[in-house]
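Note that the protein sequences, when read in sequence, are chains P and B. Start counting the first sequence at 1; every next residue gets the next number (my numbering). Start counting the second sequence at 369; every next residue gets the next number (my numbering).
Check the hints yourself; a few may be wrong.
FRET-style restraints, in silico, Cβ to Cβ [claimed, not checked]:
no. : chain 1 : residue 1 : chain 2 : residue 2 : range
1   : P       : A329      : B       : V618      : 51 to 59 Å
2   : B       : A469      : P       : N222      : 46 to 54 Å
3   : P       : D179      : B       : F432      : 51 to 59 Å
4   : B       : V480      : P       : N222      : 51 to 59 Å
5   : P       : N222      : B       : L375      : 48 to 56 Å
6   : B       : S429      : P       : Q73       : 29 to 37 Å
7   : P       : T52       : B       : H556      : 41 to 49 Å
8   : P       : D101      : B       : V480      : 20 to 28 Å
9   : P       : G261      : B       : M440      : 53 to 61 Å
10  : P       : W344      : B       : V480      : 49 to 57 Å
11  : P       : P225      : B       : S429      : 53 to 61 Å
12  : B       : A420      : P       : G167      : 34 to 42 Å
13  : P       : D101      : B       : R464      : 39 to 47 Å
Because the hints were derived from the structure by calculation, they are not lab data. Built from N, CA and C at the ideal position, the CB exists for glycine as well.
Spelled out from the first residue to the last, the chains are:
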Amino acid sequence: MTFRKLEPTRRSVLKSGISLGATAAVSAPFVNHAWAQDVSYDGEVFDAGGATLNIGEWGGGWEEFVRSALTDQFEKDFNCKINWDSSFPWFPKFVTQGPQDPVFDIANWNLPNLTQTKQAGDYFLSVDEVRENVPNAADCWSFAFASGAGVTWAYMPYVYAYRTDSGPAPSSFRDFWDDRFANKRGTYGTENGLMHAFFMATAQEFGTDQYDMNAAFEALENAMPMKVSEFTFNMLSLIERGEVDIAVHIEGEALSLKRKGVPMDVWLWDSRPILTQTKTISRYSDPMQKKLAFALLNRTLGAQFLNAFGDEFLWRPTNAKASITAQLAEAGVMNTPDAVEDFWVPDWDFFVENKLEITDRLNQIFGL
Amino acid sequence: MGRKIPLLVLVLAIAGFCYMLFPIVVVVLAGLTAGEFLTFPPQGLSLRWVVAFLQSDKYLSAFFFSFRLALMTMIVATIIGTAAALFLSRTRFVGRAAMRAFFLSPVVLPGVVVGFALFAFYISTGSSISRTIWGLWIGHILYSTPYVIGTVGAALAAFDISLEEAARSLGSSPWRAFRRVTLPNIGHGIQAGSIFAFIVSFGQFEVSLFLSAPNSEPLPIAMYNSLRYQFDPSAAAAGIFAITLVTASVLLTNRLVNIRRLLERQHA
């Protein structure tokens, strides 16, 4: 067998160069990404021609409700198909596929995970870009844009959920540390967003501000022994059984237990941090998908869906034109500028930057 | 006449069985609770969560999707696993032990690692099967096949190869000798392996977490989502049906094996 020795000549090099150049010139216009073709949305219904919209959203009962109250009709109105993925976490999926091949066109997030992804690359449209194309965003309170990468559409204040038959109701953030709650106080594992918020609020209460990690570590050490749960609904079962008398929780979910007749109530933290549901739109989604994402976010922020969602899950709307569900309104909750002015979103950028240290130390404190 | 078992061993065996069965009892009772949350012991007994499972489109579609996926996985894993076991037991070459370890590595590695590695592999190779049913299927096959290799390998180790050689010496073709002599002797190992593959695939969670396709949720993922967002006992009710299916498949296979044995005896 003979081998042909490769000896490039001036002519062959020139021919190869011309071929490569021609190939690149011909193929370049067909790079089908959003940075080449911008889209806008004006709030009207349009025909998407059967396009598929990839969304990352929670599953279970949440999915069943959101499908019936929002996305089923959306698919009919816009002639599109929604690919619903509820296999959390989103972060590794986004990072593995990279910003220019987004795993979801629109995704719903808790802020710690959203912030982590936002810091990892140019994945999402900025708040300003979203606001320009989502008409209903104009009616949202300012804290709806605190994430810097999406729009928060619903929120719940952090609360203590406590049993009313276990003694006096808590009246301050520090009541969680009362001796009577030793081993009857509940919080969450280090991957749960409620634990992250509790950590930041504890730093603010016991230290100089929300960034005072040492003060938070010391306070949480003093709070031991605690019952550590993974999920909020699991915590509700611990409260129902009387294994926990006071727990870090969120308003609506905790009140759902009260509605079932369990002797318990909630106390809003006086510093007023909130848990949020925030939707992002991927920067490099294809134009039709991006336009559909604008439309879906616009419908999500509409009063009709937010009212129905609030009635079902007791979340509060960020849209000033939506109403507070009757069950919260009866307890004096309002959706007015005065009522929402104290709410704040913890600095998740700071938390994510220090997450490894915080997680490591909290695991030591919890004995995990 | 039965063999005598030392009392201590008997006690330990019973304790071991109880320990293994206890989680199943907990799941069944928790799924039959009358209460609002997934707790044990149950707060009264009721079929309300079983009914809720049967009326849930989400759960039922997840259940039948998992069933179909496990069935498809079982078929392919049985074929590949049997072939791999034959290759490993019939060939002698340097690095055979390493190759056996390689075949079994999906079981040794954490499922999350296997799931994420496959997901990253699909993405990096530009294949379009990431987050599709086909990608998920490949993941399940990868994770289930070692169980078939293990059980068929054990059956082959106990099989006297001279029986097949005798058939060959009497003029039988290699395929005929395998089909008429070897296969009947290692059949139990193949059946056990296929059952394992089905069960492992049906209950697989970690691999599915990264590979499951939109709108096609396997049952374990649907149960996890239910626990995450509701924590109601419908997840345990789904567990009752999963346990029932797995138990039924094992019993059915045993039954089929026994029937075949009976038929063989009648022919003899």
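We went through each hint and held it up to the structure:
1. P:A329 - B:V618: 51 to 59 Å: At roughly 55 Å between Cβ atoms, B:V618 and P:A329 fall inside 51 to 59 Å, so the hint holds.
2. B:A469 - P:N222: 46 to 54 Å: holds (50 Å)
3. P:D179 - B:F432: 51 to 59 Å: Holds, at about 53 Å.
4. B:V480 - P:N222: 51 to 59 Å: For B:V480 and P:N222 the Cβ distance comes to about 35 Å; the hint is violated.
5. P:N222 - B:L375: 48 to 56 Å: At roughly 51 Å between Cβ atoms, B:L375 and P:N222 fall inside 48 to 56 Å, so the hint holds.
6. B:S429 - P:Q73: 29 to 37 Å: violated (20 Å)
7. P:T52 - B:H556: 41 to 49 Å: 47 Å Cβ-Cβ, so the 41 to 49 Å window holds.
8. P:D101 - B:V480: 20 to 28 Å: holds (22 Å)
9. P:G261 - B:M440: 53 to 61 Å: With Cβ atoms ~47 Å apart, the hint is violated.
10. P:W344 - B:V480: 49 to 57 Å: violated (35 Å)
11. P:P225 - B:S429: 53 to 61 Å: violated (43 Å)
12. B:A420 - P:G167: 34 to 42 Å: holds (36 Å)
13. P:D101 - B:R464: 39 to 47 Å: holds (41 Å)
When held up to the earlier numbered hints, the structure conflicts with 4, 6, 9, 10 and 11 and fits the remainder.
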